Structures are given as C-alpha cells and as structure tokens.
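Chemist: Take a look at the letters that make up each chain.
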Amino acid sequence: MRYIRPQSMEDAVGLLAGAAGPAAILAGGSDLLVRMKGGFVEPELIVDIKAIDGLSEIRETADGFSIGAAVPCAVLGEHAALKKAWPGVVEAAKLIGSKQVQGRCTIVGNLCNASPAADSVPALVAAGARAVIAGPSGKRTIPVEAVPTGPGRTSLAKGEIIEAILLDKRAPHAGDAYQRFIPRTEMDIAVVSAGVNLTLDDAGVIKSARVAVGAAAPTVLLVEEAAQVLIGSKLDEATLERLAKVCAGACRPIDDKRGTIEFRRKVAGVLAKRVAATAYERAGGK
Amino acid sequence: MNFDPRYSGRSFSSVGTRPIRPDGVDKVTGRARYGADFNMAGQLVGRVLRSPHAHAVIRKIDTSKAEKLAGVKAVITAADLPDLTDGDAAMYDILDNCMARKKALYDGHAVAAVAAIDARTARQALKLIEVDYEVLPHVTDVDEAMKHSAPLINDAIFTEGLEEKPVKPSNVYKRTQYGHGDVHQGFAEADMIVERSFKTEQTHQGYIEPHACVASVNPDGTADLWVCTQGHFVYRQHCAQLLGLEASKLRVTSSEIGGGFGGKTHVWAEPVALALSRKAGRPVKLVMTRDEVFRASGPTSATSIDVKIGARNDGTITAAEATLRYSCGPYAGMWAEIGAMTAFACYKLENVKTVGYEVLVNRPKTAAYRAPSAPMAAFAVESAVDELAKDIGMDPVDFRIKNAAQEGTRASYGPVYGPIGIGPTLEAVKNHPHMKAPLKQNQGRGMACGFWFNFGGQTCTDLNIGMDGSVSLAVGTVDVGGSRASLSLVAAEELGIDYSQVKAVVADTSSLGYNDMTDGSRGTFSSSMATISAARNAIKVLRERAAQMWDIPVDDVVWEKGHAVAKGEKHGNLGKLSLKEIAAQSGKTGGPIAGHSELVADGAGVSFATHICDIEVDPETGSTRVIRYTVVQDAGKAVHPTYVEGQYQGGAAQGIGWALNEEYIYGKDGRLQNPGFLDYRIPVCSDLPMIDTQILEIPNPNHPYGVRGVGETSIVPPLAAIANAVSNAVGVRMTHIPMSPPRILAALEAEREG
Numbered sequence: 001m002r003y004i005r006p007q008s009m010e011d012a013v014g015l016l017a018g019a020a021g022p023a024a025i026l027a028g029g030s031d032l033l034v035r036m037k038g039g040f041v042e043p044e045l046i047v048d049i050k051a052i053d054g055l056s057e058i059r060e061t062a063d064g065f066s067i068g069a070a071v072p073c074a075v076l077g078e079h080a081a082l083k084k085a086w087p088g089v090v091e092a093a094k095l096i097g098s099k100q101v102q103g104r105c106t107i108v109g110n111l112c113n114a115s116p117a118a119d120s121v122p123a124l125v126a127a128g129a130r131a132v133i134a135g136p137s138g139k140r141t142i143p144v145e146a147v148p149t150g151p152g153r154t155s156l157a158k159g160e161i162i163e164a165i166l167l168d169k170r171a172p173h174a175g176d177a178y179q180r181f182i183p184r185t186e187m188d189i190a191v192v193s194a195g196v197n198l199t200l201d202d203a204g205v206i207k208s209a210r211v212a213v214g215a216a217a218p219t220v221l222l223v224e225e226a227a228q229v230l231i232g233s234k235l236d237e238a239t240l241e242r243l244a245k246v247c248a249g250a251c252r253p254i255d256d257k258r259g260t261i262e263f264r265r266k267v268a269g270v271l272a273k274r275v276a277a278t279a280y281e282r283a284g285g286k
Numbered sequence: 001m002n003f004d005p006r007y008s009g010r011s012f013s014s015v016g017t018r019p020i021r022p023d024g025v026d027k028v029t030g031r032a033r034y035g036a037d038f039n040m041a042g043q044l045v046g047r048v049l050r051s052p053h054a055h056a057v058i059r060k061i062d063t064s065k066a067e068k069l070a071g072v073k074a075v076i077t078a079a080d081l082p083d084l085t086d087g088d089a090a091m092y093d094i095l096d097n098c099m100a101r102k103k104a105l106y107d108g109h110a111v112a113a114v115a116a117i118d119a120r121t122a123r124q125a126l127k128l129i130e131v132d133y134e135v136l137p138h139v140t141d142v143d144e145a146m147k148h149s150a151p152l153i154n155d156a157i158f159t160e161g162l163e164e165k166p167v168k169p170s171n172v173y174k175r176t177q178y179g180h181g182d183v184h185q186g187f188a189e190a191d192m193i194v195e196r197s198f199k200t201e202q203t204h205q206g207y208i209e210p211h212a213c214v215a216s217v218n219p220d221g222t223a224d225l226w227v228c229t230q231g232h233f234v235y236r237q238h239c240a241q242l243l244g245l246e247a248s249k250l251r252v253t254s255s256e257i258g259g260g261f262g263g264k265t266h267v268w269a270e271p272v273a274l275a276l277s278r279k280a281g282r283p284v285k286l287v288m289t290r291d292e293v294f295r296a297s298g299p300t301s302a303t304s305i306d307v308k309i310g311a312r313n314d315g316t317i318t319a320a321e322a323t324l325r326y327s328c329g330p331y332a333g334m335w336a337e338i339g340a341m342t343a344f345a346c347y348k349l350e351n352v353k354t355v356g357y358e359v360l361v362n363r364p365k366t367a368a369y370r371a372p373s374a375p376m377a378a379f380a381v382e383s384a385v386d387e388l389a390k391d392i393g394m395d396p397v398d399f400r401i402k403n404a405a406q407e408g409t410r411a412s413y414g415p416v417y418g419p420i421g422i423g424p425t426l427e428a429v430k431n432h433p434h435m436k437a438p439l440k441q442n443q444g445r446g447m448a449c450g451f452w453f454n455f456g457g458q459t460c461t462d463l464n465i466g467m468d469g470s471v472s473l474a475v476g477t478v479d480v481g482g483s484r485a486s487l488s489l490v491a492a493e494e495l496g497i498d499y500s501q502v503k504a505v506v507a508d509t510s511s512l513g514y515n516d517m518t519d520g521s522r523g524t525f526s527s528s529m530a531t532i533s534a535a536r537n538a539i540k541v542l543r544e545r546a547a548q549m550w551d552i553p554v555d556d557v558v559w560e561k562g563h564a565v566a567k568g569e570k571h572g573n574l575g576k577l578s579l580k581e582i583a584a585q586s587g588k589t590g591g592p593i594a595g596h597s598e599l600v601a602d603g604a605g606v607s608f609a610t611h612i613c614d615i616e617v618d619p620e621t622g623s624t625r626v627i628r629y630t631v632v633q634d635a636g637k638a639v640h641p642t643y644v645e646g647q648y649q650g651g652a653a654q655g656i657g658w659a660l661n662e663e664y665i666y667g668k669d670g671r672l673q674n675p676g677f678l679d680y681r682i683p684v685c686s687d688l689p690m691i692d693t694q695i696l697e698i699p700n701p702n703h704p705y706g707v708r709g710v711g712e713t714s715i716v717p718p719l720a721a722i723a724n725a726v727s728n729a730v731g732v733r734m735t736h737i738p739m740s741p742p743r744i745l746a747a748l749e750a751e752r753e754g
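Just so you know, the protein sequences line up as chains Z and A, in that order.
Each residue of the first sequence is one higher than the one before, starting from 1 at the first, in the UniProt record's numbering.
Each residue of the second sequence is one higher than the one before, starting from 1 at the first, in the UniProt record's numbering.
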C-alpha cells in the first residue's frame, strides 16, 4: 500500500488517474479507515488531500460559500456566517457520528461515501448545493444530487476529486432545516431523514421550496412534488398533511435491520412536516 | 476450625462505607491490564476462520495453501482438538462450539484457525483456507424450530422429560415442569383471567471488552493462559480437559475485565489459542473482533412465552400457568427450565404450573446473561399481572402486595422461603415519591417485580499479614464490579483495622485452591464469607503470638478493635498490642501470620427487586424516551453501597436497552445482519435518565453480615416495567421485545385501524 500526501490538486488528480490498482482518497478518513479496518477495502494507493492548498478552508464569496473538501464538519459549526445562512446544512453535518468523528469527517466525504442514509446529503440537496469537481480533463460543477448514483457508487470518473461544495448566498426570508430519525439520541445512522429549504415573500407565502428525503431509496430523493405542495402556501395544517402524504408516497424504501418499509414511509412524512415547520420559522414565517 | 456463617446482627465500622476502589486509579489512567494487554516475547497472532453459513456439513478443509504462506506458524482445525471429553455431553458441546467438527451450526461458527507472525499474514492465511461446505436448510426462529417441518439441527436429540421417549428426533432438547396445586381448579375459581402470548428477541451481554487471551504451551507439558474471564479456575478445568493437560500444570491468570455479565463464563477462543500455541511452539495472542463477539459468543435466548393468570374480584390470584420456549443455540441447554423456575417466584400461589421447552436453533450457543432467563419470564408474567390488576380495577402495586410471596411461602419452583424482600420492595415503591411525579401527555408509568436465586459455591481465600502490619488478601473470584473494595472492607471490619491497610488481589490458579467463577451474584457473597473465615483464622494466630509475647495463656487474650487485649485482672498491667506491633515481632514469634479459608458458601439469600419507570412515546414515530427510572432492591447488607447502587443502575441500563432496541437480526440467509454496536443498539449515555436507587437491607440469615448477592436481580424487572409503561402511555399492550420504534408504530397503527 502506498500513502501519498500531494501538495497540489494537479498532483492528486494525476496520482489517482494513473493508479493501477484500487485507489482511495483520504480526507477525514471516518469512512475509509473503518472500511479498511473491517477488511472491506484494501486500497493499493491512498491519496491524502489535506495538504492541498485551500481545501481546508471555508470561503465566503460574492455568490455565497465555498466549502473545501477537507473541512471537518465541526468547523462548519464554528463558522458564524455559514451557520446563519444555512443552519439546516450545518445541523446535518453536526449529526454525523460523534463529536470526535465530527472533528475529522467532511461533507464531501459524506457525499462520496454515497450512502442513502448520509446525514448531510439531504440537507445539501435541499439547499441546492453544487459540487466542484477537478479531474484529468479540467473542472466541472454539478448539483450534489448528481454525485451519488446508488449505494456506494458515484458519478465521479477515474481521477476525479470533488474539491469544494458551493452554497448560494441567501435571499431574504429564507431558511432550511434537517432532521433524521434514529432510535437512540446520538451515535446512530438515519433510519429515514428529511431536509427542507424555503424562501418566503414579504407576506410569509412560500416562494420557492426544495424537499429532500434520505434513507428512503437507493439515493437521496429530491421530491419535486413536495416542493409544489409547499409553494404558494403559508404552511397551514392542510398543506403539512399533503406534504407528509406526498413525501411518504415518494419513498421507495426497503425492509432492513434499521427499519421497515411501512415505518420509513410514515416517518418520512412526519419528519418532512416537522422539518418544513422549522425551516419556515427560520425563514421568518409565522 | 469450624466457621459459623450465621447472621450475627453486629454493628459495623468499615462495612457500609464508600471508600474508593483499589483498581480505580489504574482504570481511569489506562494502566489497568485487560485481556489484550498481556504480551510475551515471540508471541504470534491468532485468527479464526468462521462459517458464513447458518447450517452446513463440512465436507473437507484444505489448509495446505495457508500452511505454505511465509510467516504462518500453525493452522488448526477440529482434527487438532481431538475429542477427549469421554462421554461428557456438555463438554463435547463446548468442544464442538470452539471448533466445528462435522457441521457448521451457525453463522460465525469457528471452522479453522491460524497463528502467524503478524495480523496481516494471519488474515491472508485465513483467505487461503479452502472449506468445502454442503449448505443445509437452517432455522433461526424459536417457534419455527419447534415445528415438525423444521430443519433438524442434531438427529441425536430426542426430547427428554416426556412421559415416553419420542420415536423421532426433533429440535426440542428437553421439557421441564414446575409448580404445585391444581391450575384447572384454580382457573375455575377465577372471576377474571388474562391470557396472552409474548416474544422476546435475542440479545448480547454487550461487554465493551472483547474476548482476549495469550496462551503459551511449553515443551515440558506446562502451560500458561492469560485471559479475560469471570472464572479462571473454571477456564483451567475446561481447557485442561479439552486439551488433555493436567489441571495443575496449566496456570490461568485472569486480567482486569471490561464486562462479562455471564458472557465470560464460557470458553470460546481459549482452547483454540492453546491448541495453536501447542502446534506452533510459541505463545499465541488471540483477540476476538467485535464482529466475532456478536456472531460467535454470548447471546441470551430468544423466547416465546404463553401466560395465563386468573384472579378473584378481591385481587387474589387463584391460578397461574406459563409455557416457556427458549432458544439454546444449536446445543442442549437449560435456559427454559430456569425461566420456568423464576417465572412466578415473586408470588404466593396455591395453584401454579410452568412448562419449559429447550429449543435448538442455528444461532450461537446461548450463554448466561445476568440472571439468565429470568428477565424474559418476568416480562411475560409481569405484563399479564399488570393487565389483570387493571381488569379487576386494582392498583398494580396493591395487587402485587396482596399476592406477594413472604417468609414461609412455598416458592413456585419448590423451596419454602426464609425472610425475603419482595413485600418490602413493593411497600417502598408504593411510598416512593416517583409514584407521585406528574406525567405529561404521551407519557406512561409502569412498574414490575423481579426475582433471582443467587448462588454461593466453592471458595478459597488467603489473608497474609506483612511484617509492617499491612494485610494482603488473595481471592479467587474475579472482580467484575468492585469486589476487591468490598472484600477489603470486610477484612478491615473483621480485623478491626483501617481499609487503607488492606490490599486485595485476584490470585491466579496456582496460588489458591479452586474457586467457582464470579456468576450467580456470588462474588462478594461467597468471597466475603471466605474472607471473614480467613480473617478469623488469622486473628487466632495473632492472639497466639500476643500470648507468646506476653507469656500468658492464649485463652486470656481477646481480639478487640484491631488489638490483642489481655483479659482478666491478673494481667491488668499489660497494655494492648496492635496488629502492627504483633506483626513486627512475627519473625521471632513463629514466622509469618496468615489466615486461610476454604469453604462452600451455602445459603445465598434469594433476591427481589421492584422497578418503576416513566416512558414518553412519540405517537407519530413510535420513538421512546425514558423519563424517570427507580430501582428498589434488597441487598441483605450493602457492603460498599456505591457499588451496590452501580449494580442496580447497570442492570436497569441493560434492561432498558433490551426492552427498547437491542436485538439480533437474522436475514433469510441465516446470517446475522447487525454484528456491531452501530446496528446492535445498546443505549448511549444520553439515552438514559439518572437511574435512582433505593437499597433495602433484609439480612440474609446465612451470612455473618447478612449479605445477599446483588448483581443480577436488577436486570429482571426492566423489560416488564418498561413494557407496562409503554402500554400505559399508548393504550396498547406491547407483547414483543424489543419495543423498537417500528414495532410501537405498527402496534399504534393497528389499533387506530381497529
């Protein structure tokens, strides 16, 4: 096994593109090291991207925020402006693993691990986040929901690395939120989850909405129909009930050790209602 | 010297205080040595190959490629552990469980093992072992396994305990029955009858420290084993028998223990490590991974239980009956029998009958788990008792008080009780402020009772007094819950010296006579009895030495508060001699001063507890939260109250996990789906409230200080108490443990849909 810590993105891309055997990218390592220890993966090459310039920074730009691929989730929680603009994304990132794990793990790692139960992904999808990808043939930017293609699989080509996640600058009267269901209080993986992002007009009517449901299909679901239910409403009781029904209906869950199909459907709807209410309140709605 | 174990009603100066434990600093600073912390020069890494199949014939194992891998020093299969059990069926099962002989009987069953120079080589070697399996149909569910159509796990099992021996083999190893009176008559006298069926899923003890050992077999036929265990003397017997060693040539040293709860009363890896060391000619360290711990060690039974209880309108129970089916893993067991014995032990019953069935399934061999079998039986019985009280219109505590067993009651499992604590725990609960705490919406309160036998057993202890007057206490019961502190308190009490002068250690198997293991809540009960006996023997020597120093008859010397005192006026001018002064002169008065004891600690007092808990349920998700929890239990005498409280809280915590989320989940392929702490959900700290405790002290007449075992009873009531609380919170009777959110939500939905 070779461990290399390149100083530039070009070198990292070159190493991955040229790898003959199985290769892995190391940022926080909270998934990779566990999988290696369990004997599930045996990479021939490990490329540690933490020394690459800029990858450990959160940059506030004219357009919004750029979160480097090596920024630990705990750092997201310490960034006041990011927390104020995207509280749902930050609260999702701060649910991953434990305090100790949050000091290492990254949202890009969470995205590329491609688990349908990943905590930060529904929040990122709801937020309309985009991934900046560096690769052998240059850079490209795609919506985060286009990164995972199934459990453990991504759309990244050989040699490609996500270098940052982009979040838009916030319009007034906007808010997002994320919640997951776990049987315990912490140290667990989502049985089902929901993220909602809303923008209101001055009267408190929902102008735009994005609703994402996690752990309810092979990838995180962006539920377009749920957004349509919310738009134009002031989140009254009837709207919430329709939202729950639509989200439950959109799920394509499985029965497994963490929950049943029936349970995931029902609770997806319950969480969507609760999360929408929080996002609405954060957006200043009453 | 005859030892009188009877309760003396004495007062105490050390016993009942709360000094810090002697192993505490080492544990919090990381210096304590657990099973994996022993190392030897030249030691190899042992690894075990395990069956991926729930049930399969092992046609052939080809180890030749693994043996040729550089760095591999030994590869073993069942052929390297020949059958030396000489018709001892229980030992044969242990041998077969350590290394599958003809068939793999569960997912995780060991089939081969390697010893190599490092972990990487050992892992590679496992991949090079070729096992030719013939996969057979399997059965993992206890009810399914009892059906005639179920795959047969062992064709030599013909159900025992039936009037006639069956003509066909089955998965039911044994039927047992307990009780007295006539239940038919009793039910005919009842005004109200509750009849229900219950299920509980399989759980693991969940100890944080995985099984770990270092084995070293020497060319001269001696061997050493360093191991994390609840009973190193028992491990020595088992390992010696399975490997054909002489017991006294195998020295077993127990490490500190990161939890056992019954799961470390059983050998798994140790005979394998010894066999590897014997073949390799070098020491071998074998540490199980968490995955292996779940798949191949531990678990308790999964159960299916039917209960029927009848009562008159005045609240008198007229008859009680239960049928209990417990999974044993793929080997014979006596788990349902224990359930059948404990089920109704809390109550005074004219007519009672319990029947137990031991059921073989393709799951790991069932091991003891803290009051083994009792929590599931209590769940079923206490749920039905609660429902019956409600149907009659009586308060559940009053209903239980009316029917509680008392001194002189004939227990449902046979014996007549002496002084017992069930009534007092119920009275304490009735008056506890917890019962008056206000409940909010979606919250429910439940309570339940529990019983455990407790055990005494063989015990051997040495007490040595150094020339500086310090006392070294060597005990043979592994310290799983603070017993070194408790036993030091007992030695200090008996000798009349300060706790800080006593240092207790757990001695290895070459340093003391045989000790039964730390199970059955016997550690402090039996070793304190042996410590008292050893101290009294030492006091006899101390008196003799003082008599010698004074040159007076020994009968004129008494022992008072740590001093020899010359009695009678004729010695009036002699000042008393302290233990330290006598010890300082011991070289001139006859050599070292010591007290020894060997005894069978009979008369372990039975133990009862009553728990109260408040649960909040989210009716939209089935999520639960424990709001308040109170344990009331009889300790006989709490030697070190802090560690008694710790046992009460620990049992409640494990019971909460079992009741709400912990379970073995098997796939259709018979493989365990959740062999790790992520998906086998034991509670984390933030899941639990502060668990309040109340210690009652109803002295055990068979112990000088009145001590009863306290370790196990606290896990008996929680399943039922929590089920009663959840049922009261949501208005639906919960009959399947664990009450995970999907199960609660499904029950609520079924109720809503009518």
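Read the hints as simulated data drawn from the structure, not as lab findings.
Mixed in with the good hints, there may be bad ones.
[Unchecked claim] Just a few of them, taken from the derived set where beta-carbon distance is under 10 Å, the chain Z residues facing chain A:
no., residue
1, Glu186
2, Asp256
3, Glu262
All figures in this text were calculated on a predicted structure; none of them were measured in a lab.
Just so you know, even glycine gets a beta-carbon here, dropped at the ideal spot from N, CA and C.
Chemist: Decide, hint by hint, whether the structure agrees.
Modeler: We went through each hint and held it up to the structure:
no. : hint   : in the structure
1   : Glu186 : 6 Å, holds
2   : Asp256 : 7 Å, holds
3   : Glu262 : 7 Å, holds
Checked against the numbered hints given earlier, this structure breaks none of them.
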